[in-house]
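2 protein chains.
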Amino acid sequence: YFILMGPEHRPRPIFRQLFEAESCTYTYLLGDPETKEALLIDPVDLTVERDVSLIEELGLTCVMGVNTHCHADHVTGTGLLRQRVQGLKSVIARAAGAKADVLLEEGQKISFGRYHLEVRATPGHTDGCVSYVMDDRSMVFTGDALLVRGCGRTDFQQGSAHSLFKSVHSRLFTLPGDCLVYPAHDYKGRMSSSIREEKQHNPRLTKSEEEFVSIMKNLNLPYPKKIDDALPKNLVCGS
Amino acid sequence: YFILMGPEHRPRPIFRQLFEAESCTYTYLLGDPETKEALLIDPVDLTVERDVSLIEELGLTCVMGVNTHCHADHVTGTGLLRQRVQGLKSVIARAAGAKADVLLEEGQKISFGRYHLEVRATPGHTDGCVSYVMDDRSMVFTGDALLVRGCGRTDFQQGSAHSLFKSVHSRLFTLPGDCLVYPAHDYKGRMSSSIREEKQHNPRLTKSEEEFVSIMKNLNLPYPKKIDDALPKNLVCGS
Ligand SMILES: [Fe+2]
Ligand SMILES: [Fe+2]
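Going down the list, the sequences are from chains A and B.
Going by my numbering, 226 is the number at position 226 of the first sequence; the sequence numbering is gapless.
Going by my numbering, 72 is the number at position 72 of the second sequence; the sequence numbering is gapless.
Derived by calculation from the structure, the hints in this document are not laboratory data.
Just so it is clear, CB atoms sit at the ideal spot from N, CA and C, and this is done for glycine as well.
Take these hints with a grain of salt, some might be off.
One-sided and incomplete, this derived list gives chain B residues near chain A with beta-carbon spacing under 7 angstroms [claimed, not checked]:
| no. | residue |
| --- | --- |
| 1 | Phe-19 |
| 2 | Glu-20 |
| 3 | Leu-46 |
| 4 | Arg-50 |
| 5 | Glu-57 |
| 6 | His-185 |
| 7 | Lys-188 |
| 8 | Gly-189 |
| 9 | Met-191 |
| 10 | His-201 |
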């Protein structure tokens, strides 16, 4: 006996979060329950069959496989999805410098049925990172720009801590406090956060720009295991 | 600009799904954004510190640690939580035969702020299994009674395939099709399902009772690794 009212009295979209355990990547399925149009954000090659089964069982038509950026830790599923799902287009930001069917610009809208996502450039982890904001600002898919109590590293792929700091503060922390944050990864079993929570409790992004840059410079992270395999593949994710 | 209307014009409750990777267990945090009263469903001992941090950061008062049943694959976090969180009560169904501060009966309501969960006896995986139904029937926490495209095993802890079949059909599949199913586990990175989906696509529970019983009899699952350690501990989860 609950009624969800929107500007056009739309119901809530179909929404599923999915997890790939090897790279701790979250994939998101969004769909229109009426038109059945759907898209996947950050699918992983290893879990494409699971995702295709789910799409079929839900009776959805998946029109896009959308990447938040050119990943270094896993191979995107968008290449395989194009082969498995008729009409599906691979999508990534033009700034990522990768091949895809659709190259996105800042401010562009990508639609699934009566819903859309807004593309926000959030460079810093890589220079082609974007976040996707749900049209009613209830959710944002942040890729590696903003993680639960963390953020993506900035020490390769044209990363820049200065640029990441600016992106998060100007393009993400300006969203409503209640807006739910859905990241590309979490390594501690946390699935989501909110803009309010990260503004208050993110151990890195509550600091000054100077402190943030110094934290990011001193992380001393190991070279990503899969990068030499994953990057060249992800640069042609849509081919 | 979305408005969520309920019988008393309540906002949506705070809701977080959390994952413990060793036993692939989902823990759920539910809270009232106004009164700040919260509860945890199926916390795991290994992730209690993570959960306590989150509760503190969200400014919540966690009043209950609630188990869906006496787990055999991990040690419940309710014992540790009682020590870490002042006033927190451990909760389990009376039929589970375990010690706890609160022993639940079929049909009982457990409240957090302006919200409550309804207790439904769903025996079969164990004879003390219950499911928790959100007051507006938008979500059900099914424990091991109903999993995404599966169900809990019935070959130990007084398990009974007949009883599980009856529980799922009479107490879960009678919920609204849109009701989201949140299980205690998934081993393939799927976080939720819906009653409609499971009624249509659950490979076991779409079968006749006879076929279901035969499937469950022939699973040939290994003896659970942690059972000899976990069960005695979980039988005193609240002490
Ligand atoms: Fe990345
Ligand atoms: Fe169990």
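Evaluation of the provided hints:
With a least beta-carbon distance of about 3 angstroms to chain A, the hint placing Phe-19/B at the interface is held under the 7 angstroms criterion. Look at Glu-20/B: its Cβ gets to within about 6 angstroms of chain A, closer than 7 angstroms, so that hint holds up. The closest approach between the C-beta of Leu-46/B and any C-beta of chain A is roughly 10 angstroms, which is over the 7 angstroms cut-off, so the hint fails. Because the smallest distance between the Cβ of Arg-50/B and any Cβ of chain A comes to about 6 angstroms, under 7 angstroms, the interface hint for this residue holds.
Look at Glu-57/B: its Cβ gets to within about 5 angstroms of chain A, closer than 7 angstroms, so that hint holds up. Taking 7 angstroms as the C-beta cut-off, the interface hint given for His-185/B is violated, the closest approach to chain A being about 13 angstroms. For the restraint placing Lys-188/B at the interface with chain A, the shortest Cβ-Cβ distance is roughly 6 angstroms, inside the 7 angstroms limit, so the hint holds. Evaluation of the Gly-189/B hint against chain A yields a held restraint, the C-beta minimum of about 3 angstroms falling below 7 angstroms.
Hint status for Met-191/B relative to chain A: holds, with the closest Cβ pair at about 5 angstroms, below 7 angstroms. The criterion of a C-beta within 7 angstroms of any C-beta in chain A is met by His-201/B, whose closest approach is roughly 5 angstroms, and the hint holds.
Consistency with the previously given hints fails for numbers 3 and 6, ordered from lowest to highest.
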